[in-house]
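Fit chain B with the ligands to the supplied structure of chain A, relying on the hints for placement.
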Amino acid sequence: MKTTRRNFIQQTALFTSVFTLGFDWFESKGATMAIANEPGRFNAFLSIDAAGKIRLYSPNPEIGQGIKTAFPVVVAEELDVDWKQVEVLQANLDTQNFERQLTGGSGALKHSWERLRKAGASVRQMMVQAAANQWKVDASVCKTSKGFVLGPAGQKASYGSLAAEAAKLPVPSTVTFKDRKDYKIIGTRVRGVDNKDIVTGKPVFGIDVRKPGMVFAQIVRPPFGATLKSFSADDVKKMPGIIDVVSFKNKVAIVGTSTYEIMQARQNLTCSYGSDTPLEGNDTHQAWFDAGMKTDKATVQRKDGDFAKAISEAAKVIEATYECPFIAHSPMEPMNFFADVKPGSVILAGPTQVPQPAQKAVATLLGVPENTVQVELTKMGGGFGRRLNNDFALEAAELSSIIKKPVLVMWTREDDMGGGIYRPAVRYHFKAGIDAKGNITSFYLRGVGLNAGNSTRQDNFPVGAIDHVLIESVDQKSAVTTGPWRAPITNFLGFAEQAFLDEVAEAAGKDPIQMRLDLLARVKSNPVGKITYEADRFAEVIKQVAEKSQWKKKPGVHQGFSVYYSHFSYVAQVAEVQVKNGKPQVTHVTAVTDCGEVINLSGSENQVKGAIIDGMGHAMFAKLNFQAGVTSPTNFNAYRMIRGNEIPKIDAYFVDNGISPTGLGEPALPPTGGSIANAIYAATKKRFYKQPFY
Amino acid sequence: MAITLTINRKKVSLDIDSNTPLLWALRDHAGLLGTKFGCGIAQCGACTVWVNGEATRSCVLPISAVANTQITTIEGLDPAGKHPIQEAWDELDVAQCGYCQAGQIMTAAALLKKNPHPSKQEIVDGMAGNICRCGTYHRIQEAVALASKKVKK
Ligand code: FES
Ligand code: FES
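Listed in order, the protein sequences are those of chains A and B. Position 222, counted from 1, in the first sequence is what the numbering used here calls 211; the numbers after and before it change by one each time, with no gaps. Throughout, the numbering used here is defined as the position within the second sequence, counted from one, plus 932.
Read the hints as simulated data drawn from the structure, not as lab findings. Take these hints with a grain of salt, some might be off.
[To be verified] Pairwise CB distance ranges, derived in the manner of DEER restraints: (1) Ser221/A / Ala974/B: 25 to 35 Å; (2) Ala1077/B / Lys542/A: 23 to 33 Å; (3) Lys238/A / Ala974/B: 26 to 36 Å; (4) Ala974/B / Ala39/A: 52 to 62 Å; (5) Asp1057/B / Asp171/A: 20 to 30 Å; (6) Pro358/A / Ala997/B: 47 to 57 Å; (7) Ala128/A / Gly963/B: 52 to 62 Å; (8) Gly963/B / Pro332/A: 25 to 35 Å; (9) Asp224/A / Met933/B: 18 to 28 Å; (10) Ala153/A / Gly963/B: 34 to 44 Å; (11) Thr284/A / Lys1052/B: 50 to 60 Å; (12) Glu359/A / Asp1010/B: 38 to 48 Å.
Being a predicted model, the structure only gives us computed values, none of them experimental. Heads up, the beta-carbon is just placed ideally off N, CA and C, and yes, glycines get one too.
Chain A on its own, in the form it takes in the complex:
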């Protein structure tokens, strides 16, 4: 696969770099790193020109979570240069040499931390060595600062001036990392590297792809579970600007020269559908939930002690059922993808979180070798998990192969919202038994999901602190397609668990924060079964949020607490509600996050606040309905998105512990529904068991 190499050579030719280190952005151990004038098995490059300009070719697609900025920050820190000297460029997909080029699971940074530091530190060490050789001193007496090597007798040489000599040195096998107290860039506020493009309206998104000879298309997709019996294209084809109407896989594609003409022509298309089984509606889903709750065929996900016996002996039993609907991801940029399928070469371009699987799947679909498929990455107008599914890329490729033209397939908002790959609908049933002293002795959870896989997270706290536990799941197959949605499963499970624990605390007569801390102390002193979280880190975010939010110390303010561990990060929240004109209003959320080392404070704050707003908006308003396999609503007039006049004040704090960084795109979302619902309960004595609340 030549994509990266060609890109790289084109770009470096323009910049005449004299030093280029090729390395692997993703591999955390034992990967190659070498001076690369003719790059080999690398997916990332760090190059320095004679003037000292530093360029980083980063292979991660940018989706709005800021890794295109955060990753280079790490390299620049260890390289010890001024951030202003660094330019970041997006590399295209190099499938042969890539291990992990995807955006999802908040795993990008966790995966790359060591590697990125090593790349920067290696180059720094080579610059030092080049200077030491020149000055005939030992490397250990030289220092670096802001892209310069400083010698013991006041010598000073820029990285740019040393680059040519440094390129002749071997890449060091061991490097020393900076002490975190010497960090100059990590932990500060670094502005996004694409900010200028964004504020001046540069065409950087998938929807903006334009190629010579390109046509546009929209695709009409069938109701879930239905097959296309026939369609009438004659009237459509007569419409101005329409090039073709073709059908594949139960879909009908309208190809034309402009978006508006296609939208007009589409109104004249009539399709007739059939199906062997009844198409699904809301009542089908409810019946499936009921059946799933009753079945004796649930999959046991975790079992500690003897739940049945313990619950029968409990002094008090608390029981509750929670439920969430299917919801769409609704990124502001609707799905779209470009494909140009020609004999011997396939070009794909667009916003995907997972380019490598796109390449593979398209190669399989078309029956062509993978190395003939190129993927050009664009910026993504949000993803939230939706762009982990490459259905849009496959459709574009298939259509291009049929019409034999380069084509940009555009989804309208209605297509996007009605087109599936939703957050699965799930119903949860919880039971907890408490003894006479108010201690939780038994805990039960069954999750019944529709295309959700395992809808529980069986090792989640408070599991580990309770003697008798039973966690089960039931997965019901549905024709409605599903996929990961920001913080998969936990985006709703987090709410359900945290709302339920609030009820348990109330029944036990305990303060909800103290109850968590007591349970965590139990995990430390006498853990039950497998423990997947660190009790100390958990307790720390809880203590900090209690202090920062002045828990129970604000008269007239109703507070709700929640805490959640997901994607290796810990987030505790306190939400505040005030009743205005008889209506509860969420006025303030305090969040304390432990995601290890904070790389870019600006980006991190943005992620936490964004995830809280996202969690709150979807908990309050989002729901899709189904009737005969068709989704409603399909646009923002009836599917309400949270707006800027509905948001609380948010204070986002981070635990300063210097532990290796972990995920941040997702972890602040799962606790949000819970903290808000618990605060609303404190204000109104009304509990929410279903999302959306309103």
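What follows is chain B with the ligands alone, placed relative to chain A:
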């Protein structure tokens, strides 16, 4: 019949269906891709441009209605990115995915043109029509306030 209008200070003549929404005329015919499509039904504000200086949703506005008007898009606000709103957006690092921001910026810049020193509530109300799926609302509001400070009293 061709419709003539001025886009970013340049006279443009569009010989297309006069019902074509301005958004698609800009994107598919005038080659200006900065204005974004979000909903197509005047709900999200991603497509906001100025028509004779007024912030307007271009997705539901047929070009027949904008003949002989002055259109300003994100590309025409200040191509160098020096408009106080653009500078404030960079300074406060507002964007996450960035997709909604052209519409946010055009709305905000129009707001400041009318009311150079809005109150906090006026900013919140003035920006409430634009959806940001990434939830950058706090920084949007802070950036409008910051830009308003940059505008001379
Ligand atoms: S695209 Fe025009 S308001 Fe949403
Ligand atoms: S920044 Fe992503 S939608 Fe606003």
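Status of each hint after checking the structure:
no., hint, result
1, Ser221/A / Ala974/B: 25 to 35 Å, "holds, 31 Å"
2, Ala1077/B / Lys542/A: 23 to 33 Å, "holds, 30 Å"
3, Lys238/A / Ala974/B: 26 to 36 Å, "holds, 33 Å"
4, Ala974/B / Ala39/A: 52 to 62 Å, "holds, 53 Å"
5, Asp1057/B / Asp171/A: 20 to 30 Å, "violated, 46 Å"
6, Pro358/A / Ala997/B: 47 to 57 Å, "holds, 52 Å"
7, Ala128/A / Gly963/B: 52 to 62 Å, "holds, 54 Å"
8, Gly963/B / Pro332/A: 25 to 35 Å, "holds, 30 Å"
9, Asp224/A / Met933/B: 18 to 28 Å, "holds, 25 Å"
10, Ala153/A / Gly963/B: 34 to 44 Å, "holds, 43 Å"
11, Thr284/A / Lys1052/B: 50 to 60 Å, "holds, 54 Å"
12, Glu359/A / Asp1010/B: 38 to 48 Å, "holds, 45 Å"
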